[in-house]
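> One letter stands for each residue in the lines below.
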Amino acid sequence: MKRKKLFVCCILLFACTFAFAQGKSEKPTLTFWDENAGETRTPYYQELINRFNSSQDRVTVIYEGIPSSSAKEKYDVAIATKTTPDIGHCNAAWGSNWLAQECLVPLDNYFDSWPESADINKNYLTLNRNLDSQNRLFLITDTVSTPLMWVRTDLLKNAGIGIPRTWDEFFNAVKVLSDKKNGFYGFSLRGGSGSCVELQHVLYAYSGIPTYFDKNGKCTINAPEHVEFLKKLVSLYNVYTSESDITNGYKEMVAAFDGGSAAMIFHNTGSKAEHANALKPDQYQAVSFPVSKQGTYSYTAGSQGGYCIFTTCKYPDEAWEFIKFMLSEESNSYFNEKIGQIPMNNKVLSENWVAASQCTSEALSTLANPQCHLVEQPKYLPEYSKIMNTLTPPNFQAVLAGEMTVEKFLDTWADAFTEAYAKYKTGK
Amino acid sequence: MMKTKKTVGIPKRTIPYILIAPTIFLFVCLLVYPLGNVFYLSFQNRLLSRPKLDGFVGFLNYLKLFTDDPVFWEALWNSFRWVFIEVGLQLVFGVSLALLLKRKFKGCGVFRAILFLPWALSGVLVSMLWSMMYFENVGVLNDILQKTGIIQSAISWTGNIQTAFWAVVIAELWRGIPFFAIMVLASLQSIPNELYEACRVDGGGAIMGFVHITLPYIKETVVLTTLLRTVWEFNSVDLILNLTGGGPIHKTTTLAVYLANTARRDGDFGYGSAIAVVSFFILLLFAFAYLKLSGFNEEGDTVK
Amino acid sequence: MISLRQNKNLKKFLCLYLPLIIASIWTLFPLYWTVITSLKTSNQIVSKPITYFPSPVVLEHYAKAWNVGGFSRYFLNSLFVSLVSTLFTVVFATMDGYAMARYKFKGKYLFLILLLCTQFVPTAMLIIPLFVIYNKLSMINTPWSLIITYITFHIPFNATLMSTFIKGIPDSLEEAAMVDGCSRKQAFAHVLLPVLLPGVAAISAYSFISSWNEYLYALMFTTSSRNYTLPVGLSMMIGEYSINYGQLTAGSVIALCPVVLMFMYVQKFMVSGLSAGAVKG
Chain A
1 MKRKKLFVCC ILLFACTFAF AQGKSEKPTL TFWDENAGET RTPYYQELIN RFNSSQDRVT
61 VIYEGIPSSS AKEKYDVAIA TKTTPDIGHC NAAWGSNWLA QECLVPLDNY FDSWPESADI
121 NKNYLTLNRN LDSQNRLFLI TDTVSTPLMW VRTDLLKNAG IGIPRTWDEF FNAVKVLSDK
181 KNGFYGFSLR GGSGSCVELQ HVLYAYSGIP TYFDKNGKCT INAPEHVEFL KKLVSLYNVY
241 TSESDITNGY KEMVAAFDGG SAAMIFHNTG SKAEHANALK PDQYQAVSFP VSKQGTYSYT
301 AGSQGGYCIF TTCKYPDEAW EFIKFMLSEE SNSYFNEKIG QIPMNNKVLS ENWVAASQCT
361 SEALSTLANP QCHLVEQPKY LPEYSKIMNT LTPPNFQAVL AGEMTVEKFL DTWADAFTEA
421 YAKYKTGK
Chain B
1 MMKTKKTVGI PKRTIPYILI APTIFLFVCL LVYPLGNVFY LSFQNRLLSR PKLDGFVGFL
61 NYLKLFTDDP VFWEALWNSF RWVFIEVGLQ LVFGVSLALL LKRKFKGCGV FRAILFLPWA
121 LSGVLVSMLW SMMYFENVGV LNDILQKTGI IQSAISWTGN IQTAFWAVVI AELWRGIPFF
181 AIMVLASLQS IPNELYEACR VDGGGAIMGF VHITLPYIKE TVVLTTLLRT VWEFNSVDLI
241 LNLTGGGPIH KTTTLAVYLA NTARRDGDFG YGSAIAVVSF FILLLFAFAY LKLSGFNEEG
301 DTVK
Chain C
1 MISLRQNKNL KKFLCLYLPL IIASIWTLFP LYWTVITSLK TSNQIVSKPI TYFPSPVVLE
61 HYAKAWNVGG FSRYFLNSLF VSLVSTLFTV VFATMDGYAM ARYKFKGKYL FLILLLCTQF
121 VPTAMLIIPL FVIYNKLSMI NTPWSLIITY ITFHIPFNAT LMSTFIKGIP DSLEEAAMVD
181 GCSRKQAFAH VLLPVLLPGV AAISAYSFIS SWNEYLYALM FTTSSRNYTL PVGLSMMIGE
241 YSINYGQLTA GSVIALCPVV LMFMYVQKFM VSGLSAGAVK G
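So the sequence lines, in the order shown, correspond to chains A, B and C. Position one of the first sequence corresponds to residue 1 (my numbering), numbered consecutively onward. Position one of the second sequence corresponds to residue 1 (my numbering), numbered consecutively onward. Position one of the third sequence corresponds to residue 1 (my numbering), numbered consecutively onward.
Be a bit skeptical, because a hint or two may be false.
[To be verified] List of simulated lysine-lysine pairs, DSS-like, C-alpha gap at most 25 Å:
no. : chain 1 : residue 1 : chain 2 : residue 2
1   : A       : Lys231    : A       : Lys180
2   : A       : Lys82     : B       : Lys104
3   : A       : Lys157    : C       : Lys64
4   : A       : Lys324    : A       : Lys314
5   : B       : Lys102    : B       : Lys219
6   : C       : Lys104    : B       : Lys219
7   : A       : Lys425    : B       : Lys102
8   : A       : Lys314    : A       : Lys379
9   : C       : Lys268    : B       : Lys104
10  : A       : Lys74     : B       : Lys52
11  : C       : Lys268    : C       : Lys12
12  : B       : Lys106    : C       : Lys11
13  : C       : Lys104    : A       : Lys74
14  : C       : Lys268    : A       : Lys338
15  : C       : Lys136    : B       : Lys147
16  : C       : Lys48     : B       : Lys106
17  : A       : Lys122    : A       : Lys314
18  : B       : Lys102    : C       : Lys136
19  : A       : Lys181    : C       : Lys64
20  : A       : Lys347    : A       : Lys122
21  : A       : Lys408    : A       : Lys386
[What the hints assert, rightly or not] Selected chain A positions facing chain C (Cβ under 8 Å, derived; list incomplete):
no. : residue
22  : Thr40
23  : Asn158
24  : Ala159
25  : Leu279
26  : Pro281
[Unchecked claim] Some chain B residues well away from chain A (every beta-carbon gap over 10 Å; in silico):
no. : residue
27  : Pro11
28  : Leu63
29  : Leu89
30  : Phe135
31  : Glu136
32  : Ala164
33  : Gly247
34  : Gly267
35  : Phe280
What the hints contain is simulated information worked out from the structure, not anything from laboratory work. Beta carbons: idealized from backbone N, C-alpha and C, even for Gly.
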């Protein structure tokens, strides 16, 4: 009996100590979701998070990686069930949906009172503010991959031609480099998923038109210059490009480039790691889009990822500390150098690695050109995703297959956006 | 002496209900609400991108689906084509394989292990693998066909409007045949060998044996496996999405792919749920008709 | 003059071995491709000309998948979830199958339709409501949310399959046993079950594989990566801008091993003629 009592007391004592230890809580933890987890990003995020955690005592950040193929869906489920993480890194294309669902914390107060806020790239801040009808800041971009061409310099050299610097040179190069019988092509189109998102970059790069909508609110995608260019581009299909381009997604296009069956592709700085893995440095190069018909260089915003704080976060102040840390010069430099994208902290631009990374310095030199302007894509329109992912890609495939004219394709695209824009302007 | 059990107080009538109770419990807890939710949402406008427009819209989604959506009808037709061809081929090849592997012979274990592997592979890999093999210019399939002279120039398997559908069919077939084979194989094991001996003694050949002995034994398994496989293939999307994305120009968009794109990619849960409900009723009707036609329920219900 | 024996062997080869060999080539080639991709260096994987045999052979993808990819952890998670869910699925499915095969009861047809209905709606449409339920029960981010989901979704097929297997076994076996004084339970365990083993083997294999390879719910119901299962881990190798074919194939080969082992064990029970002699006398 005595032993039993002793035993029970020990258990109780243990339980109390345990409860007490729990009660004397550790630091609060914040969860951070990475929407593009994998070996190209995860180790660097984890390194930076470790640095942050050891640099302060207020909070511990925990990294959670989500596979990119299902990231949007996972975020959607989390938002619908109110189980969002504290801090998220996301794709700006999802931004307008999230703002409509009111699940993010406005960051204006935090940002404006941050002394280093002036270092952050203003163009992208403006784009992010435009996602909100009241111009509040919910998303701060830390890294961007800008659209450009990738070119197989070894194949060009073998054919005896130089890197195309004008659009005419480009089309000529495609023809010279193609040898359909042996399965070598000068170019690989993207006709599958994401086709039209890529297409609009190059259309505006060719025409030099500075805005997506003209002053009357009409979408400029079907301007005569765009029709002219697209006709030329589409005529390459299945003659100087392979037939499978019609369903090419990202992986097929890059496989063609890295495998040597396509000498040039339109993509962005984001695929640098993949090319570096497959090819030697003297075999490929990043080249900005040639100068436009108006003598200017245009770039569309490209893929901008950014940080945001969800409304379910119980410690927004600490969450902001983490975001500040990630946007600081040292972290932003480390991260972008490792993943090969363009840093958004302007102080980083003068660092050595930027000049040494060919694709980064190529993109930046174009961006820095006084003749270069930004064409804002209407990601703030709720219909943006639907038009770019559901409506236009099958139409583009129809154009490639010869079942739809270029004019009809661009007109449908323009009408859809003009209508969406009008709806947006009249207050949703 | 056998221990005589006292009559346990459970009446024979309630035994089946006790047996199925855990399953019913799980279903009621976990499936009533989600399934009901899908039906409920089909009558709503539920767009992730415009939550302020959420609300009851009655049959509007269905109206739009049936009268204003050409992709729906194309997807429906593609679904029927897909299911009929896929399940038909899997059935034929699967049963044939099972018949071959039925008996114990030298090396049967090895063959069984090999032929079972595609089913065991992760779906994530299978999609990527076939996508890689189908690459027009750096894919191994074209390489082999060209090297052996079967084709002159590389074919765009997933891009060409004629071949895209069949390319996906073959990939899914590779994965699906082992499934049928294993299930039929298991049910073949319950057939006593003596029956075949008796048949042979009576002068019947292999075909007679198949028709009169094998077929009746495996009929129910085949009927049910086919039915469930049909349902499964109707709703299967991962391979199609990865290989062609539903293209080119919707040529490989089945109803399930259309649903996946509408609800998951575009965030339109109202419209997507309407598609899901339509799928549900198509499959329900099919199940009823199929079971009735195959005389499933009239088979020997063993009465105790 | 071909002797009778030679004729028989030739026939056996043509009718048995030849089709099996063709089927094996059809099956094995993509698998061969998977394995050699996992052994090639990254720059050989997607390149022209296509290499049919890796040279040099590298094992780095395997090492990386196991260490960096977090596979060691995901492996254990998958094992736990798959084994537990298989166990319960087989037990419940057998119970249901037995009820449907051996009894006539009111609502039996309805029960069958109910089982089928659960398969009609695509699983992706059920994520959010199921998530809400598990969240209320605090089961999100635990293996139990997955285990219970898998059990619920795998029972219908396995139960109906079991019922067909059981129907295929004449009930005279059990009747005879009960005449001898066995209770129904004993008759089931000692007489029916041994004959049913191929069926049990088949549905165990099916449940295990389905649970082992399930991706969507495994991703959605876990919120921290230490609870991820293997398919989720594999999908991490597919990034937005880069696909690591080498690691993906290496990881898949690693993921394949337990399944193959399981099947090699289980297929022993799928041997013909087990019922021979049981009915006689």
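> A separate judgement is required for each hint: does it hold in the structure or not?
These are the hints, each one checked on the structure:
no., hint, verdict
1, Lys231(A) to Lys180(A), "20 Å, holds"
2, Lys82(A) to Lys104(B), "57 Å, violated"
3, Lys157(A) to Lys64(C), "36 Å, violated"
4, Lys324(A) to Lys314(A), "18 Å, holds"
5, Lys102(B) to Lys219(B), "16 Å, holds"
6, Lys104(C) to Lys219(B), "20 Å, holds"
7, Lys425(A) to Lys102(B), "70 Å, violated"
8, Lys314(A) to Lys379(A), "29 Å, violated"
9, Lys268(C) to Lys104(B), "11 Å, holds"
10, Lys74(A) to Lys52(B), "22 Å, holds"
11, Lys268(C) to Lys12(C), "23 Å, holds"
12, Lys106(B) to Lys11(C), "15 Å, holds"
13, Lys104(C) to Lys74(A), "45 Å, violated"
14, Lys268(C) to Lys338(A), "52 Å, violated"
15, Lys136(C) to Lys147(B), "60 Å, violated"
16, Lys48(C) to Lys106(B), "41 Å, violated"
17, Lys122(A) to Lys314(A), "29 Å, violated"
18, Lys102(B) to Lys136(C), "49 Å, violated"
19, Lys181(A) to Lys64(C), "39 Å, violated"
20, Lys347(A) to Lys122(A), "13 Å, holds"
21, Lys408(A) to Lys386(A), "19 Å, holds"
22, Thr40, "5 Å, holds"
23, Asn158, "14 Å, violated"
24, Ala159, "16 Å, violated"
25, Leu279, "7 Å, holds"
26, Pro281, "12 Å, violated"
27, Pro11, "45 Å, holds"
28, Leu63, "20 Å, holds"
29, Leu89, "23 Å, holds"
30, Phe135, "5 Å, violated"
31, Glu136, "4 Å, violated"
32, Ala164, "7 Å, violated"
33, Gly247, "5 Å, violated"
34, Gly267, "6 Å, violated"
35, Phe280, "21 Å, holds"
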